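The listed protein sequences derive, respectively, from chains A and B. Here the first sequence stands for residues 1 to 334, numbered as in the working numbering. Here the second sequence stands for residues 335 to 627, numbered as in the working numbering.
Since the hints were made in silico from the structure, they are not lab data. Because the structure is a prediction, the values reported are computed rather than measured. Some hints here could point you the wrong way.
As the list claims (entries may be wrong) - Derived Cβ-Cβ restraints for the label pairs, each shown as a range:
(1) V497/B x V196/A: 43 to 51 Å
(2) V196/A x V370/B: 45 to 53 Å
(3) I140/A x V497/B: 51 to 59 Å
Unchecked claim - A few chain A residues facing chain B, derived, Cβ under 10 Å:
(4) L173
(5) R176
(6) I180
(7) L219
(8) R225
Said to hold, decoys possible - Far from chain B, by Cβ distances over 12 Å, these chain A residues were calculated:
(9) L83
(10) F123
(11) L149
(12) W185
(13) L203
(14) Q205
(15) A217
(16) M220
(17) I250
(18) F251
(19) G281
Every residue gets a Cβ at the ideal spot worked out from N, C-alpha and C, and that includes glycine.
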Amino acid sequence: MTETTIRPSAVVARQSLSAWAASFASQIGITIAFLLLWLVFIVLAPGTFLSGNIYAAFATTTPFFALVALPLTMVIISGDIDLSFPSIMSLGVVGFVSVWKATGSVEVGFVWALVVGGLAGLFNGLVVTFVGIPSLVVTIGTQFLFQGLTLVLVNGRSFALVDTRTSPLYEILVGRALGIPMQFWWLVVASVATWVLLNRHRLGQNAYVIGDNRQAAQLMGIPIRRTRITLFVLTGLMAAFAGLLNALQIFNFYPALGSGYLLPTLAAVFVGGTSVFGGRGSVWGTFLGAFMIGGITAGIVAVGLTDYYTGLIYGAVILISVSIHAVLQRRFAR
Amino acid sequence: MAEPRPPVGASAAGEPATARQPRLELRHISKSFGGVRVLHDVSLRVMPGEVVGLLGDNGAGKSTLIKIVTGVHQPEEGEVVFEGEVVANLDVPTARSLGIETVFQERALADQLPLWRNIFMGRPLSNRLGLLRTGEMRKVTTDLMGESMGFTSAALTPDTNVVGLSGGERQGLAIVRALHFEADVIILDEPTMGLSLKETEKLLKFVEGIRAAGKSAIFIDHNIFHVYSVADRIVVLDRGRVAGDFPTSRYSLEELMGIMREVASSGRFTEAERYRMDIIPPADGAEAAGAEA
Numbered sequence: 001m002t003e004t005t006i007r008p009s010a011v012v013a014r015q016s017l018s019a020w021a022a023s024f025a026s027q028i029g030i031t032i033a034f035l036l037l038w039l040v041f042i043v044l045a046p047g048t049f050l051s052g053n054i055y056a057a058f059a060t061t062t063p064f065f066a067l068v069a070l071p072l073t074m075v076i077i078s079g080d081i082d083l084s085f086p087s088i089m090s091l092g093v094v095g096f097v098s099v100w101k102a103t104g105s106v107e108v109g110f111v112w113a114l115v116v117g118g119l120a121g122l123f124n125g126l127v128v129t130f131v132g133i134p135s136l137v138v139t140i141g142t143q144f145l146f147q148g149l150t151l152v153l154v155n156g157r158s159f160a161l162v163d164t165r166t167s168p169l170y171e172i173l174v175g176r177a178l179g180i181p182m183q184f185w186w187l188v189v190a191s192v193a194t195w196v197l198l199n200r201h202r203l204g205q206n207a208y209v210i211g212d213n214r215q216a217a218q219l220m221g222i223p224i225r226r227t228r229i230t231l232f233v234l235t236g237l238m239a240a241f242a243g244l245l246n247a248l249q250i251f252n253f254y255p256a257l258g259s260g261y262l263l264p265t266l267a268a269v270f271v272g273g274t275s276v277f278g279g280r281g282s283v284w285g286t287f288l289g290a291f292m293i294g295g296i297t298a299g300i301v302a303v304g305l306t307d308y309y310t311g312l313i314y315g316a317v318i319l320i321s322v323s324i325h326a327v328l329q330r331r332f333a334r
Numbered sequence: 335m336a337e338p339r340p341p342v343g344a345s346a347a348g349e350p351a352t353a354r355q356p357r358l359e360l361r362h363i364s365k366s367f368g369g370v371r372v373l374h375d376v377s378l379r380v381m382p383g384e385v386v387g388l389l390g391d392n393g394a395g396k397s398t399l400i401k402i403v404t405g406v407h408q409p410e411e412g413e414v415v416f417e418g419e420v421v422a423n424l425d426v427p428t429a430r431s432l433g434i435e436t437v438f439q440e441r442a443l444a445d446q447l448p449l450w451r452n453i454f455m456g457r458p459l460s461n462r463l464g465l466l467r468t469g470e471m472r473k474v475t476t477d478l479m480g481e482s483m484g485f486t487s488a489a490l491t492p493d494t495n496v497v498g499l500s501g502g503e504r505q506g507l508a509i510v511r512a513l514h515f516e517a518d519v520i521i522l523d524e525p526t527m528g529l530s531l532k533e534t535e536k537l538l539k540f541v542e543g544i545r546a547a548g549k550s551a552i553f554i555d556h557n558i559f560h561v562y563s564v565a566d567r568i569v570v571l572d573r574g575r576v577a578g579d580f581p582t583s584r585y586s587l588e589e590l591m592g593i594m595r596e597v598a599s600s601g602r603f604t605e606a607e608r609y610r611m612d613i614i615p616p617a618d619g620a621e622a623a624g625a626e627a
């Protein structure tokens, strides 16, 4: 340490504008893409995109998958993937329903939903790290496992959740504040928290290194297993949380609750510039990516296409964004 | 490092007792991977202020040996002794806290991350909640860049990603990373690979500096010319065994090269050569074990 304190260095960390632009190129790119897409929608469907209603709808529904996209971003940065979160969304609500029915307490049910989500994530993490199977394969398996568990536990039935409305927690989770749905505020809180974890915490530092160079992480003594498990647990927690918000919003639980969220969530992460190869990604990108995906969903309907196009367009969006980022990364790597 | 100093009387004189004690010692290390024995009864010692060269062909077990010293792998048999104390369950954080640092070349850099995150890889400065002290890490990196790495280009900041650095710059980063944390034993794993002549010269000078500072080094290389010029002793590994241990003061480069050729073809030395060499007497380890019992 002694050699560092001899004198203030001649090289002052005065970052020029170009250096700043270089380190945030990907986030600037996604911001520009976001604004362009917005402009396109306004031009194509001015009636829809110039009214406030569509933005109220975005604030209501986008958080359901954006909340999961946040921890998923960290998982993908660390070089893993989790495809089981849609099933954890459903399974978490099963946990909520069972405890709420038994105790009559929305609060206890809420906590139990988070516990179930966390345990499901822990299961993913343990199998991935201790058995040593690629997370892609493990979480395809657990996607079916958790979904199957959900169906068996509720016997395939749906549950009405209207009675939760009287609970103060209902207002906190999916009520409104300043005229904006609470789930949007939760998304803002979760985004800030994820940003701190990713950029200002050991967890994020280690996640980046593991995703960039697994061998280096091993040589430099980074707790690889613990970090990967933690990220899976966080994803499970958030999936259960988002699943519960969704169920409360529509006053209904049905076993296929989470299944529609697989593609939009992945699309949000990849559109946001997170690298499929790991080691690169940002919370800001995922945040904007989620609203771009939300906008595309609404836009498909607004410009007069039927709902059947959504799968087609999500698939195309994922492939195009992943390809663009892969090409850009290769171009700037040398 | 509160190791039990041997005899009490030695404390008055101080250095003689400690100078005799190896800083790092490997005793009868064996290691296999999937049934293949990679290291077989390997013993090695490094004294304070000593630079030990480690030579051997691909597959001789050099990198496995290094990974055992640095705690990446654990040996099946044998023990690692640091400053006279047996280190049980040596893992990477333990090795680093003891002051064993490794320059792993660019293999241990994260390309897409900024310089400061690479310098502090594996042990970032953080508070009790795990929140990073990024300002401090950037400042230390800035200072290291100016003073130790010789990075003077204004285009390089602590936030520059490693991906754009040259081979020499990466080397500088890897070395500075090892040095910043006050290492006592510095392991250089193939440090001259991919370096220009001038960069190699700089590196060899740096190794001289390690010795001058009273620190120890293990220098692994394919290139006998590089190793011979800086090492006090050269240990030759062959197919997982120590094939020879040559003090460079007693062997000329030509002699060594002849011996190396012979090892490569026959895998062994003549009796006469064995007699001249400083092969570590295995009795040493047995003696210590006996004393404890």
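Consistency of the hints with the structure:
{"no.": "1", "hint": "V497/B x V196/A: 43 to 51 Å", "verdict": "violated, 25 Å"}
{"no.": "2", "hint": "V196/A x V370/B: 45 to 53 Å", "verdict": "holds, 46 Å"}
{"no.": "3", "hint": "I140/A x V497/B: 51 to 59 Å", "verdict": "violated, 32 Å"}
{"no.": "4", "hint": "L173", "verdict": "violated, 26 Å"}
{"no.": "5", "hint": "R176", "verdict": "violated, 32 Å"}
{"no.": "6", "hint": "I180", "verdict": "violated, 29 Å"}
{"no.": "7", "hint": "L219", "verdict": "holds, 5 Å"}
{"no.": "8", "hint": "R225", "verdict": "violated, 12 Å"}
{"no.": "9", "hint": "L83", "verdict": "holds, 24 Å"}
{"no.": "10", "hint": "F123", "verdict": "holds, 24 Å"}
{"no.": "11", "hint": "L149", "verdict": "holds, 33 Å"}
{"no.": "12", "hint": "W185", "verdict": "holds, 23 Å"}
{"no.": "13", "hint": "L203", "verdict": "violated, 7 Å"}
{"no.": "14", "hint": "Q205", "verdict": "violated, 5 Å"}
{"no.": "15", "hint": "A217", "verdict": "violated, 8 Å"}
{"no.": "16", "hint": "M220", "verdict": "violated, 3 Å"}
{"no.": "17", "hint": "I250", "verdict": "holds, 37 Å"}
{"no.": "18", "hint": "F251", "verdict": "holds, 38 Å"}
{"no.": "19", "hint": "G281", "verdict": "violated, 10 Å"}
Hints 1, 3, 4, 5, 6, 8, 13, 14, 15, 16 and 19 from the earlier list are contradicted by this structure; the remaining hints agree with it.
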